[in-house]
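**Student:** The task is simple: from the sequences and hints, build the whole structure.
Number of protein chains: 2
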Amino acid sequence: MVPHLTTALTGPLLDLERRFLDGMPNIEHWFRTKWLEYPVPFYASVDLRNSGFKLAPVDTNLFPGGFNNLNPDFLPLCVQAMQSAVEKICPEARGVLLIPENHTRNMFYLQNVAQIVTILRQSGMRVRIGSLLPEIKSATQIHLPNGNDLTLEPLVRKANRLGLDGFDPCVILLNNDLSAGAPDILKNLEQAVFPPLSVGWFARRKSRHFANYDSVANDFAKLLGIDSWLINPYFSTCDQVNFHERVGEECLAAKVDEMLKKIRVKYAEYGVKQDPFVIVKADAGTYGMGIMTVKDASEITGLNRKQRNKMAVVKEGLAVSDVLIQEGVYTFEQINEAVAEPVVYMINHYVVGGFYRVHTTRGVDENLNAPGMHFMPLAFDTHCTLPNPERAPDDTPNRFYAYGVVARLALFAAALEIEAAESRQTNK
Amino acid sequence: MVPHLTTALTGPLLDLERRFLDGMPNIEHWFRTKWLEYPVPFYASVDLRNSGFKLAPVDTNLFPGGFNNLNPDFLPLCVQAMQSAVEKICPEARGVLLIPENHTRNMFYLQNVAQIVTILRQSGMRVRIGSLLPEIKSATQIHLPNGNDLTLEPLVRKANRLGLDGFDPCVILLNNDLSAGAPDILKNLEQAVFPPLSVGWFARRKSRHFANYDSVANDFAKLLGIDSWLINPYFSTCDQVNFHERVGEECLAAKVDEMLKKIRVKYAEYGVKQDPFVIVKADAGTYGMGIMTVKDASEITGLNRKQRNKMAVVKEGLAVSDVLIQEGVYTFEQINEAVAEPVVYMINHYVVGGFYRVHTTRGVDENLNAPGMHFMPLAFDTHCTLPNPERAPDDTPNRFYAYGVVARLALFAAALEIEAAESRQTNK
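Residue numbers (the working numbering), protein chains in the order written: chain A, 9 to 436; chain B, 9 to 436.
Watch out, some of these pointers could steer you wrong.
Unchecked claim - Only pairs whose alpha carbons sit at most 30 Å apart, straight line, appear in this in silico DSS-like list of lysine-lysine:
| id | chain 1 | residue 1 | chain 2 | residue 2 |
| --- | --- | --- | --- | --- |
| 1 | B | Lys-166 | B | Lys-230 |
| 2 | A | Lys-269 | A | Lys-318 |
| 3 | A | Lys-314 | A | Lys-274 |
| 4 | B | Lys-96 | A | Lys-96 |
| 5 | A | Lys-269 | A | Lys-303 |
| 6 | B | Lys-318 | B | Lys-303 |
| 7 | A | Lys-230 | B | Lys-96 |
| 8 | A | Lys-96 | A | Lys-195 |
| 9 | B | Lys-42 | A | Lys-42 |
| 10 | B | Lys-145 | B | Lys-166 |
| 11 | A | Lys-195 | A | Lys-166 |
| 12 | A | Lys-269 | A | Lys-281 |
| 13 | A | Lys-96 | B | Lys-42 |
| 14 | B | Lys-269 | B | Lys-281 |
| 15 | B | Lys-96 | B | Lys-145 |
| 16 | B | Lys-281 | B | Lys-230 |
| 17 | A | Lys-96 | B | Lys-230 |
| 18 | B | Lys-230 | A | Lys-42 |
Quick caveat, the hints were computed from the structure, so don't treat them as lab data.
Keep in mind it's a predicted model, so treat the numbers as computed, not measured.
**Tutor:** Structural data, given as structure tokens:
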């Protein structure tokens with residue numbers, strides 16, 4: 009079952025997908041040369057939006073949850089990609105210490121952790137899970153709804169090595185996005201840590217990612233001879249915003265207005281009839297907190313107290329001061345009247361699957377990754393690596409190939425972002 | 009559907025598979041370090057025999073046919089492995105020239121060629137097929153039984169570059185085993201050729217492969233603390249044999265006798281009740297020609313004219329002079345009363361699938377890859393990368409993991425063989 013696009017597919021996207029198909033040897037060659045030059049992130053997931061006229065990433069997660077939502081048939085692909093990641097990034101490793109988020113009650117998340125453990129084990133690694141939670145004082149078993157068990161153990165640090173009781177791993181794999189900062193126990197370790205602490209959400213900025221994506225998308229658009237806007241959402245930022253105290257609203261309103269104008273020009277160029285909108289969200293942080301849809305700059309200056317409170321804090325109660333204004337991309341993929349948004353998963357630089365976030369109660373111009381809101385995950389039933397140029401560009405395997413291409417562009421932007429973050433770290 | 013082992017699985021193999029499962033992190037680490045040191049063959053297939061007490065390779069094909077016999081569900085795994093092969097071996101390549109065998113009427117073989125083309129295309133390469141056949145003077149389309157088409161084109165050599173009309177490939181991929189020698193048109197090319205000409209069957213010797221396998225199996229057996237005989241068939245050779253003229257029969261008979269004695273000792277050690285047997289075959293050449301099963305040395309000296317004629321020539325009518333004597337390994341895998349022998353496929357160092365050769369008319373001590381004899385291919389329905397140590401060692405995914413391990417040992421032996429062949433070539 010695959011969501012159908014509600015727009016008639018005769019517009020720019022069909023042309024875009026056709027160019028992806030025709031350009032496949034060039035595209036794959038381009039990616040290969042990039043991965044020879046730049047270290048690839050260990051794993052990542054990318055949220056895409058497909059408006060029928062534009063296909064773009066809207067968020068890139070370097071600490072991906074949701075592996076449990078992938079099609080179980082794709083497990084061998086995950087295992088093979090994991091073997092290639094280990095071979096490329098840490099060939100000498102035998103033991104991996106996985107550090108998850110501190111959600112001991114979120115069974116959806118814990119099933120994701122269990123799935124990552126399975127993938128690592130099947131690829132031949134010894135894996136144990138170390139918890140940052142102070143209340144985990146001894147090995148603690150958690151029973152998962154799918155019948156499996158997960159054991160969380162307390163971290164043990166000896167000089168500059170991190171491990172568990174009786175377990176001295178070669179590599180630390182983070183599935184914790186470090187929203188609250190990098191804990192001291194993770195700092196200055198002898199062992200390699202993936203992803204590096206420098207791209208924890210305490211330090212990461214969406215705007216840096218999208219600045220990198222901007223240059224990646226421009227290069228790629230040149231390669232294919234397309235308008236980069238078709239795969240690249242506009243963005244800008246305001247800093248020193250304080251929603252509580254209504255500081256910075258003018259900056260925000262002005263940038264929103266400017267962006268809506270730019271989008272309107274593009275919509276006119278491509279004959280798009282919809283109303284442009286922008287997404288205003290915290291530049292740091294994740295979990296879909298502090299996010300709003302804006303179709304007119306006046307909405308920014310007219311926020312009521314409740315709305316301002318909602319925008320003011322993100323995960324771990326952190327106050328928002330840097331704000332990202334991002335071009336809104338409609339999601340015109342629907343399944344049984346519900347809005348669907350694809351999320352693509354990668355290990356090393358291989359696309360290993362994905363799923364749709366399906367929402368029955370949200371609109372086509374809203375963020376679908378909201379806290380407390382339980383989307384229905386719908387696993388991709390088709391691989392992203394089986395395009396068939398002889399079929400129509402919107403044939404499912406071909407649409408999925410396009411997803412995989414755009415997701416890998418975001419992955420490459422993340423690689424540049426990690427490189428820059430690491431070099432800032434070194435120069436400190 | 010998976011063949012069942014007709015022996016009660018309580019013997020050494022169950023113990024072997026258990027050690028494979030328990031040693032998985034060490035095994036995968038061992039392979040990783042090997043692939044960092046040695047160039048991996050582009051692709052290969054390995055014929056295995058599983059006697060319930062012994063699991064061993066009996067033939068390693070560096071120009072594998074039969075990709076069409078793999079489970080279609082495993083195509084994404086093949087594509088991903090092909091991407092990794094290209095990335096590792098020829099990252100700059102965009103265009104691949106595939107050179108197949110000269111069988112234009114063998115539809116089974118041509119479907120294999122079509123499948124290799126599909127895998128290469130899906131992994132983002134431009135692919136065209138160049139034929140060594142002199143009668144292919146212009147692009148010739150062949151219709152395949154599955155509805156697909158294949159186009160064979162005449163090779164065009166310009167100075168030291170090989171291509172087709174309008175196609176200048178970066179890489180030449182051979183699916184032609186060069187039994188009759190390396191044609192001049194393939195010599196001294198600027199482009200990389202995989203596998204290299206130096207391991208074409210005109211130059212390759214099975215005994216060299218098994219000498220390499222011997223040292224690989226011994227190292228590996230040390231790693232796991234097992235008797236290497238459990239994964240390693242005895243072998244020896246006689247040269248200057250002439251079956252027509254009954255020259256060299258004494259050498260053969262003596263070596264056969266010696267080997268049968270050695271096997272008898274091992275069978276006694278492991279309580280195996282079966283009669284030992286050896287396989288006598290041409291040291292060069294393939295296609296299951298010139299092969300016989302021998303249970304007593306007297307059979308060698310008592311060959312009648314018909315049998316001697318059968319042994320005297322292999323593919324392309326080449327005369328046999330070097331002979332390999334190899335320990336016979338019973339195949340005790342059966343499906344509906346028919347004998348089954350697993351064949352494992354690898355691209356780069358990844359196991360991407362396999363199939364069983366199923367024969368209704370052959371015995372458990374006979375070669376199942378015989379000319380003119382149409383075995384039934386039965387695709388593996390389980391991946392070779394999903395072992396589960398919590399299940400029994402002979403649980404299907406675990407048995408398949410063991411297949412993948414032994415096949416990769418043979419692949420590593422092939423890597424050593426290629427390295428040696430290339431250095432002999434350079435020193436000439």
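**Student:** Work down the list of hints and note, for each, if the structure agrees.
**Tutor:** Hints, one by one, checked against the model:
1. Of the supplied pair hints, the one linking Lys-166/B and Lys-230/B is violated, its CA atoms being roughly 51 Å apart against a limit of 30 Å.
2. Among the hinted pairs, Lys-269/A with Lys-318/A is consistent with the structure: their alpha-carbon atoms are about 27 Å apart, no more than 30 Å.
3. For a cut-off of 30 Å, the pair hint linking Lys-314/A to Lys-274/A is broken: about 34 Å separates their Cα positions.
4. Distance restraint check for Lys-96/B and Lys-96/A: the Cα-Cα separation of roughly 10 Å lies within the 30 Å cut-off, and the hinted pair is therefore satisfied.
5. Distance check on the hinted pair: Lys-269/A and Lys-303/A sit about 11 Å apart at the alpha-carbon level, within 30 Å; holds.
6. A C-alpha spacing of about 18 Å is found between Lys-318/B and Lys-303/B, which places the hinted pair at or below 30 Å, so the restraint holds.
7. Taking the CA atoms of Lys-230/A and Lys-96/B, the gap is about 26 Å. The hint holds against a cut of 30 Å.
8. With a CA separation close to 24 Å, the supplied pair Lys-96/A and Lys-195/A stays within the 30 Å bound.
9. Of the pairs offered as hints, the one joining Lys-42/B and Lys-42/A holds, with about 26 Å between alpha carbons and a cut-off of 30 Å not exceeded.
10. For the hint pairing Lys-145/B with Lys-166/B, the CA-to-CA distance comes to about 16 Å; that is within 30 Å, so the pair holds.
11. In summary, the hint linking Lys-195/A to Lys-166/A is supported, as the alpha carbons are separated by about 12 Å, within the 30 Å threshold.
12. Between Lys-269/A and Lys-281/A the CA atoms are separated by roughly 14 Å; this keeps the pair inside 30 Å, and the hint holds.
13. For the proposed pair Lys-96/A and Lys-42/B, the alpha carbon gap of about 14 Å is at most 30 Å, so the pair holds.
14. Taking the CA atoms of Lys-269/B and Lys-281/B, the gap is near 14 Å; set against the 30 Å cutoff, the hint holds.
15. Between Lys-96/B and Lys-145/B the CA atoms are separated by roughly 34 Å; this puts the pair beyond 30 Å, and the hint is violated.
16. Only pairs whose Cα atoms come within 30 Å are accepted, and Lys-281/B paired with Lys-230/B is accepted, the gap being roughly 27 Å.
17. At most 30 Å may separate the alpha-carbon atoms for a hinted pair to count; Lys-96/A and Lys-230/B meet this at roughly 26 Å.
18. Between the alpha carbons of Lys-230/B and Lys-42/A the distance comes to roughly 40 Å, so the proposed pair goes past 30 Å and is violated.
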